[in-house]
Amino acid sequence: MNVQARLKAPSISHPFGTDQYGRDILSRVMIGAVNSVIVGLVTVAIGMSLGILIGLSAAYYGRWIDEALMRFADLLFGFPAVLTAILITSVLGPSIVNAMLAIGIFYIPIFARLTRAVALTIWQREFIDAARAGGISELMITWRHVLPNTLSPLIIQGTIQFAIAILAEAGLSYLGLGTQPPHASWGRMLNEAQTFMAIAPWMSIFPGIAIAWAVLGFNLLGDGLRDALDPQMGQFGYK
Amino acid sequence: MPLYLLKKLLTLLLLLLLVSIVIFAVLYILPGDPAEIILGINATPETLANLRAQLGIDRPFLVQYGEWIYNTLSGQGSVSINYDVPVHQLILSRLTVTGPLALLAITLSLVIALPAGINAACRQNRPGDLVIMFGAQIGLAIPEFWLGLLFILLFAVQFGWFAAGGFPGWSVDFWGSFKALILPAFALGLIRVSILTRLTRASMLEVLQEDYIRTARAKGVSEIKVIYGHALRNALIPILTILGLQLGQLIAGAIIIENVFYLPGLGRLIFQAIGQRDLPVVRDIVLFMAAAVVFVNFLVDIVYAMIDPRIRLA
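Here the protein sequences come in this chain order: A and B.
Mapping the first sequence onto the working numbering, position 108 (from 1) lands on 108, and the numbers just tick up by one.
Mapping the second sequence onto the working numbering, position 38 (from 1) lands on 38, and the numbers just tick up by one.
Simulated from the structure, these hints should not be mistaken for lab results.
Among the clues, some could well be false.
Subject to a maximum C-alpha distance of 20 Å in a straight line, what follows is the list of computed DMTMM-like cross-link-like pairs (lysine to aspartate or glutamate) [as the list claims (entries may be wrong)]:
hint, chain 1, residue 1, chain 2, residue 2
1, B, 8, A, 66
2, B, 225, B, 211
3, B, 7, A, 227
Computed from a prediction, not measured in an experiment: that's the story for all the values here.
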């Protein structure tokens, strides 16, 4: 931080310029990347772990348990990440942990539905019958055979949700509900930039480019993984 | 169809009930005393107890929940702590901004996405298709609030064509109010343009491979009629579903965009309510928004069954 160098336009010493406190925007964009990666990892981990559990249970038990779990997923669908975050932060107060929790909860039905759909088709396969004939317990079949076969689409979806988490965290931090100052977050940087938009437009440009770049990268990674792991699956899950 | 409608209606009512329980329970269970939050750490125990009684939060869960639901259904609604008016009045007044904004954003996204997706599908793997898909990929990566900031930077700060924010009010200045919604609607709609363009393309490509399309072409039906008359109708089914699911995202996006452009809509109201710890407002708006998402998905299911009879017969 160099208070003498406040709101400096991009130059050789500060390639992305400086902010209202004289902080180097390039450094903050780089630190913001770490924040985004952590958010992506944690939220996908929350959504995937609970989603897989719900999805596998729904596919295995079927009938009313399946119906109840899927309606639970529908219920969670009614709460977009921002709404969940608002609900949580209105009582617990704004923080990055609460924001990650909100995004993670929003991801649970997405992974639950996907796991259930894939697991249902796997339970019909012949190698499952073979495993049953071999005397393996249903729980073991789920663990050894069903779960590994659901992983490819889940990894692809996870990559896409990782990108969406970056966008969601940026949005929440922009609203002041995510990462709190003085920690660097791309969304928070854009929030602070709005005040200085007319005199320091670079403050609004570089964090936004960083978000778009990261999201584009993870989206393309998701597309690439889909082509590599599941060539049959089209862009929107159509076979 | 009546049986299908009844089944869906019952599911809708059950979901609405569950949504209301979840919202109420989350705000009830989560730690943090609203009275302490409102009055601060220096409040005396008597003042805190008085406020708790005034807010009704010292009573059992079921009593509070029952009273909330009764008030909501009877039209009395909760009363805002900060504004001291019924929350439903606040919601209705703010809907005059959020409603047109969401409608404008969806209209813009459909007007751009449908022709773009159809064009891309008809020119699969040719330069036109690649350009449209590249644009859609970029559009998916851009956060809507950053796009809003860029719009302000370009069209308000640089060119001065639009105001940087604010909303004059429909009765004060109709054209000015409409103009105030254009940039936010574009910012909100662009990501949906990308999603719907990709979906329209994928859906059209699938339908265009169907036998009945080949038959129509073999019969000499014009290409325009094949695409818009035969293919688009069937391709619209998944688009409609995603459009319904997009409402939730649109509401979430509106909360952020209204803050970027300082629009006095529902999103800004809920955001301000959090800052003011006005829990009745937060609770009722979250219920309203979640109910809107559930209701639109119900409507989508019904329209879906009307377009494709196989669904209601399944």
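Results for each hint:
no., hint, result
1, B:8 / A:66, "17 Å, holds"
2, B:225 / B:211, "16 Å, holds"
3, B:7 / A:227, "39 Å, violated"
Checked against the numbered hints given earlier, this structure breaks only hint 3.
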